[in-house]
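A.B. asks: Listed below, chain by chain, are the residues.
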Amino acid sequence: MKTPLLRRIGLTVAAPLTAGLFALIVSALVLEASGSPAVETFRVMLENGLKLETMVDTLNRATPLFLAGVAAAIGFRMNLFNIGVEGQYILAGFLAAWIGASVVLPGPLHVGLIVVSAMVIGGLWSGIAGVLKVTRGVNEVISTIMLNFIATGAIVAGLLPRAIEDPTATNQGTPTIAESGWLPNLNWVLELVTRDITKGRKLTGVIAIAIVVGVIYHVVLNRTRIGFDLRSSGMNPFAARAGGVPPKKMVMYAMIATGMVAGLVGMPEILSDNHAYDQGFIQGLGFAGIAVALLGRNNAPGMAFAALLFGFLDSSSAVLQVRSTASSEIVTIMQAVILLAAVVAYEIVNRIRQRDEVQRASLLSGAAS
Amino acid sequence: MPTAIELTGITKRFPGVIANDNVNLVVEAGEIHAICGENGAGKSTLMKILYGMQSPDEGVMRVNGREVSFSSPTDAIAEGIGMVHQHFMLAGQLSVLENVILGSEPVKSGGRIDFDEARRHLAEVSEAYGLTVDPGDLVDTLEVGERQRVEIIKVLFRGARILILDEPTAVLVPQEVEELFRNLRELKEGGATIIFIDHKLQEVLEISDRITVIRRGKTVATVNAADVSAGDLAELMVGSELPTPDTTESTVTDQLALEVLDLVVLDNDDRTVVDNVSLTVHKGEIVGIAGIEGNGQTELVDAIIGTGPVMSGTVRLLGNDITLAPVRKRREAGIGYVPQDRHHEGLLLDAPLWENAALGHQTRAPYSHGPWMDRAGARRRTEEIREEFDVRTPSVDVSARALSGGNQQKLIIGREMTADPAVLIAAHPTRGIDVGAQADVWNTIRKARSEGLATLLISADLDELIGLSDTIVVMFHGKLVATLDPAEITPRSLGSYMTGAALQEDVR
Ligand SMILES: Nc1ncnc2c1ncn2[C@@H]1O[C@H](COP(=O)(O)OP(=O)(O)OP(=O)(O)O)[C@@H](O)[C@H]1O
Ligand SMILES: [Mg+2]
Chain A
1 MKTPLLRRIG LTVAAPLTAG LFALIVSALV LEASGSPAVE TFRVMLENGL
51 KLETMVDTLN RATPLFLAGV AAAIGFRMNL FNIGVEGQYI LAGFLAAWIG
101 ASVVLPGPLH VGLIVVSAMV IGGLWSGIAG VLKVTRGVNE VISTIMLNFI
151 ATGAIVAGLL PRAIEDPTAT NQGTPTIAES GWLPNLNWVL ELVTRDITKG
201 RKLTGVIAIA IVVGVIYHVV LNRTRIGFDL RSSGMNPFAA RAGGVPPKKM
251 VMYAMIATGM VAGLVGMPEI LSDNHAYDQG FIQGLGFAGI AVALLGRNNA
301 PGMAFAALLF GFLDSSSAVL QVRSTASSEI VTIMQAVILL AAVVAYEIVN
351 RIRQRDEVQR ASLLSGAAS
Chain B
370 MPTAIELTGI TKRFPGVIAN DNVNLVVEAG EIHAICGENG AGKSTLMKIL
420 YGMQSPDEGV MRVNGREVSF SSPTDAIAEG IGMVHQHFML AGQLSVLENV
470 ILGSEPVKSG GRIDFDEARR HLAEVSEAYG LTVDPGDLVD TLEVGERQRV
520 EIIKVLFRGA RILILDEPTA VLVPQEVEEL FRNLRELKEG GATIIFIDHK
570 LQEVLEISDR ITVIRRGKTV ATVNAADVSA GDLAELMVGS ELPTPDTTES
620 TVTDQLALEV LDLVVLDNDD RTVVDNVSLT VHKGEIVGIA GIEGNGQTEL
670 VDAIIGTGPV MSGTVRLLGN DITLAPVRKR REAGIGYVPQ DRHHEGLLLD
720 APLWENAALG HQTRAPYSHG PWMDRAGARR RTEEIREEFD VRTPSVDVSA
770 RALSGGNQQK LIIGREMTAD PAVLIAAHPT RGIDVGAQAD VWNTIRKARS
820 EGLATLLISA DLDELIGLSD TIVVMFHGKL VATLDPAEIT PRSLGSYMTG
870 AALQEDVR
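Quick note, the sequences are listed as chains A and B, same order. Just so you know, my numbering puts 281 at position 281 of the first sequence, and the rest follows in order with no gaps. Just so you know, my numbering puts 767 at position 398 of the second sequence, and the rest follows in order with no gaps.
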């Protein structure tokens with residue numbers, strides 16, 4: 001009855017692989033058309049990507065991408081299109097950095113305070129969109145876009161001057177967090193199996209948080225009652241309601257959970273890199289997260305893969321520029337093509353899978369009769 | 370006359386099932402041809418193949434004598450074939466006109482939709498076939514009978530001369546069925562060919578010229594309607610006699626299970642849709658609600674289940690006031706629910722059967738254990754449901770979408786009955802279920818009744834209503850207008866109560 005395991009796994013990875021291959025071909029054409037050597041460019045990317053230091057960089061970039069992906073996916077599973085991850089993580093990052101800078105606590109407590117405040121702020125901010133939807137029927141797309149503007153344009157821009165201690169510094173931001181609020185890097189974990197990591201690269205400790213979030217996401221959604229309630233609400237809200245699932249509560253839960261995870265997106269910057277919120281705080285991850293959720297089909301392993309892929313491409317972009325083999329924009333083009341190709345490829349693989357099952361069924365019935 | 374449809378050796382396989390096994394079907398032009406068969410026999414599949422929604426693995430199709438092969442419904446429509454599905458496929462938030470033209474919009478130069486032309490054509494079509502609808506109405510606000518008319522007009526709008534209707538009467542009360550049949554005869558007069566699927570054998574005999582019976586994916590016979598009786602048909606379909614839903618001796622107790630007191634429900638426009646309704650259901654009693662759809666039954670059920678608003682009044686379950694309790698509380702307290710529309714409120718079509726079985730009971734064993742879902746327990750229970758209620762499926766891991774309509778219904782009945790409810794709210798419990806399995810469902814409900822189950826039954830099938838109920842109340846314009854003894858009533862006389870023609874004094 002079951003498809004052979006190998007073939008099933010094959011079909012599962014076939015879609016992203018075909019999409020990747022297609023993206024490779026399109027990028028090669030674009031590269032050649034713009035006068036850069038395609039083969040050479042890919043060689044540089046690959047050679048660079050295989051270096052331990054680049055791998056660390058890839059992991060570091062993948063961490064917030066994955067978190068943003070999970071945040072978006074929680075909404076998608078409930079049929080909620082949360083555009084607000086962007087504003088949620090920036091607001092949460094800013095306030096958590098400020099809170100973190102204004103206290104000194106014993107190590108784990110200090111880090112814990114920053115993480116928890118980021119999650120609470122993200123959850124509350126996203127919860128506003130939930131309340132608006134539940135009480136006033138405001139579409140979450142509209143409300144989260146507006147909340148993004150308010151978060152970045154009004155709150156962060158308005159409060160940042162007050163947080164600044166040294167108005168003469170070149171990079172204006174919240175004061176640096178005391179060392180007790182720094183998350184230790186995880187270089188030693190990699191070094192257990194490889195060599196020493198050089199060039200001052202540090203594997204962010206937030207990756208451990210991201211893994212925990214991924215596992216919780218997977219287990220809660222697939223193995224728990226509340227996860228079942230959420231998924232059924234997303235699949236058919238009317239049947240779920242008749243089955244005792246309170247629809248408004250589910251919207252609130254999902255919006256708050258998506259905001260809490262979104263709050264973590266800025267943590268690598270604050271706990272590992274800068275230890276402050278400043279004008280260089282990374283933007284755009286909320287939207288990248290939507291791409292990660294799409295490519296990873298809202299499931300945890302898929303999104304991890306997607307985040308790593310995008311992380312690797314991002315980290316290639318720098319080296320291409322340095323070596324001036326090609327314009328770094330090629331990476332953006334590749335990401336876009338991968339996403340488009342993946343959507344198509346998933347559909348094709350779905351069809352193949354169905355045909356496969358039918359053929360097997362006919363073999364079975366042929367043998368039976 | 371030329372042959373309208375000729376299907377030869379059609380075979381269609383799905384994972385684990387052969388839905389059509391070398392099926393042959395000949396439909397003459399201008400006839401009304403019925404297709405009968407058990408749930409899962411392969412009727413809908415055959416029609417979807419003919420309509421280009423699914424492609425056959427083997428076999429040849431001829432339309433008007435020409436061999437055809439369809440890769441999508443568009444191809445079938447081009448050959449003049451149209452289909453009204455077992456489960457309606459209208460967009461509720463769009464108007465009747467928009468639904469009718471959806472997918473075949475007449476366009477003006479510049480690519481804009483020509484609404485005037487569309488409206489004109491729609492008026493023409495409904496005029497020509499005597500099908501009246503208001504093009505401006507929102508589909509969500511329509512009654513089932515009207516929705517069906519919209520579906521039929523939609524098909525005619527596209528110029529179909531060969532109409533496929535998959536279980537069109539399942540959702541209709543007798544008066545509406547008569548109207549539908551009038552329409553069909555008119556269409557036939559106009560030269561159309563009609564293929565239709567139905568589980569109610571009397572109806573089949575009444576309307577059709579010829580009947581093809583399918584059993585387990587194979588064509589068993591094609592007979593002239595004039596030459597056979599309902600008994601013969603049942604024999605052909607399942608090889609057994611036609612069951613009747615006669616209730617045995619009364620098991621009504623004096624213990625109250627469900628009480629509804631002075632219930633008032635308003636709709637969105639503040640019109641009273643449930644008007645001061647009071648009724649009681651005792652343990653061991655089946656109370657039937659008769660009424661044409663849209664007379665407040667849906668809103669009454671919603672108020673009892675907890676999915677709809679209550680303006681005033683009280684609902685009590687086993688003595689406890691549950692008027693304001695959340696749905697989950699009510700279900701945990703023992704309310705079982707068979708919704709009127711299985712796709713709307715009953716199923717998660719894309720989830721596996723075992724998750725569907727858990728829906729509504731997910732807070733209890735064997736479906737869950739504390740905060741955790743119990744996958745093994747849920748699968749085991751679903752296997753039991755599959756056995757006991759004869760849900761025809763290759764496995765409990767397939768999605769609900771892969772089940773035939775009747776088997777989806779059996780799954781819902783199974784999950785509600787195995788949960789051991791104290792009160793069952795059953796809206797059209799045997800809708801779409803074949804005659805054989807219907808008797809099983811009736812027996813299950815009767816057995817539970819003798820063990821103390823209180824049932825509120827809503828059904829468009831008057832034989833079912835009269836045969837099963839201990840008491841029948843008639844709902845008309847939101848009010849309970851009559852209380853009747855099923856022993857003293859016929860479907861005919863009940864029908865006249867439902868249309869308000871015969872009002873009785875003793876209002877409950
Ligand atoms: N998309 C699908 N995927 C897998 N199996 C399917 C699919 N559609 C139908 N089947 C199977 O094919 C068989 C025939 O189904 P079909 O819907 O044609 O039955 P039917 O005669 O219309 O029954 P009913 O009277 O219950 O509507 C069933 O066993 C069903 O489970
Ligand atoms: Mg069917």
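Among the hints, erroneous ones may be present.
Mimicking SDA-like on lysine to any residue, the simulated pairs with C-alpha atoms at most 20 Å apart in a straight line are [claimed, not checked]:
| no. | chain 1 | residue 1 | chain 2 | residue 2 |
| --- | --- | --- | --- | --- |
| 1 | B | Lys698 | A | Gly227 |
| 2 | A | Lys249 | B | Thr667 |
| 3 | B | Lys698 | A | Gly107 |
| 4 | A | Lys248 | B | Thr692 |
| 5 | A | Lys248 | B | Val679 |
| 6 | A | Lys248 | B | Pro504 |
| 7 | A | Lys249 | B | Gly479 |
| 8 | B | Lys698 | A | Arg43 |
| 9 | A | Lys248 | B | Thr852 |
| 10 | A | Lys249 | B | Asp596 |
| 11 | A | Lys249 | B | Ile674 |
| 12 | A | Lys248 | B | Arg697 |
| 13 | A | Lys133 | B | Lys698 |
| 14 | A | Lys248 | B | Lys698 |
Some chain A residues close to chain B (C-beta under 8 Å, calculated; not the full set) [said to hold, decoys possible]:
| no. | residue |
| --- | --- |
| 15 | Gly10 |
| 16 | Ala14 |
| 17 | Thr18 |
| 18 | Phe22 |
| 19 | Leu124 |
| 20 | Arg223 |
| 21 | Ile226 |
| 22 | Gly244 |
| 23 | Pro246 |
| 24 | Lys248 |
Which chain A residues face chain B? A few, computed with CB under 10 Å, are given here [unchecked claim]:
| no. | residue |
| --- | --- |
| 25 | Asn222 |
| 26 | Thr224 |
| 27 | Gly227 |
| 28 | Asp229 |
| 29 | Arg241 |
To be clear, the hints were calculated from the coordinates, so they are not data collected in a lab. C-beta atoms are modelled at their ideal positions from N, C-alpha and C, and glycine is treated no differently.
A.B. asks: None of the hints should be skipped; say for each whether it holds.
C.D. replies: Here's how the hints hold up against the structure:
1. B/Lys698 with A/Gly227: holds, 19 Å
2. A/Lys249 with B/Thr667: violated, 24 Å
3. B/Lys698 with A/Gly107: Given that 20 Å is the threshold and the Cα spacing comes to 46 Å, the pair is violated.
4. A/Lys248 with B/Thr692: The hint holds at about 19 Å.
5. A/Lys248 with B/Val679: holds, 18 Å
6. A/Lys248 with B/Pro504: Status violated; Cα separation ~34 Å.
7. A/Lys249 with B/Gly479: Judged against 20 Å, a Cα distance of about 47 Å means the pair is violated.
8. B/Lys698 with A/Arg43: Judged against 20 Å, a Cα distance of about 63 Å means the pair is violated.
9. A/Lys248 with B/Thr852: Violated. A/Lys248 to B/Thr852 sits at ~39 Å, over the 20 Å cutoff.
10. A/Lys249 with B/Asp596: Violated. A/Lys249 to B/Asp596 sits at ~59 Å, over the 20 Å cutoff.
11. A/Lys249 with B/Ile674: holds, 18 Å
12. A/Lys248 with B/Arg697: Satisfied, since the Cα-Cα distance of roughly 13 Å is no more than 20 Å.
13. A/Lys133 with B/Lys698: It is violated: about 24 Å lies between the C-alpha atoms, which goes past 20 Å.
14. A/Lys248 with B/Lys698: Holds. A/Lys248 to B/Lys698 sits at ~16 Å (cutoff 20 Å).
15. Gly10: violated, 18 Å
16. Ala14: violated, 19 Å
17. Thr18: violated, 24 Å
18. Phe22: violated, 25 Å
19. Leu124: violated, 24 Å
20. Arg223: It holds, given that the least Cβ distance between A/Arg223 and chain B is near 6 Å, below 8 Å.
21. Ile226: Hint on A/Ile226: holds, closest Cβ of chain B at ~7 Å, below 8 Å.
22. Gly244: At 3 Å from the nearest chain B Cβ, A/Gly244 passes the 8 Å test, so the hint holds.
23. Pro246: Holds. Min distance 6 Å.
24. Lys248: Not OK, violated: A/Lys248 not within 8 Å of chain B, min 10 Å.
25. Asn222: holds, 8 Å
26. Thr224: Since chain B brings a Cβ to about 5 Å from A/Thr224, closer than 10 Å, the hint holds.
27. Gly227: Hint on A/Gly227: holds, closest Cβ of chain B at ~8 Å, below 10 Å.
28. Asp229: Cβ of A/Asp229 sits 7 Å from chain B, so the hint holds.
29. Arg241: holds, 6 Å
Of the numbered hints listed earlier, those contradicted by the structure are 2, 3, 6, 7, 8, 9, 10, 13, 15, 16, 17, 18, 19 and 24.
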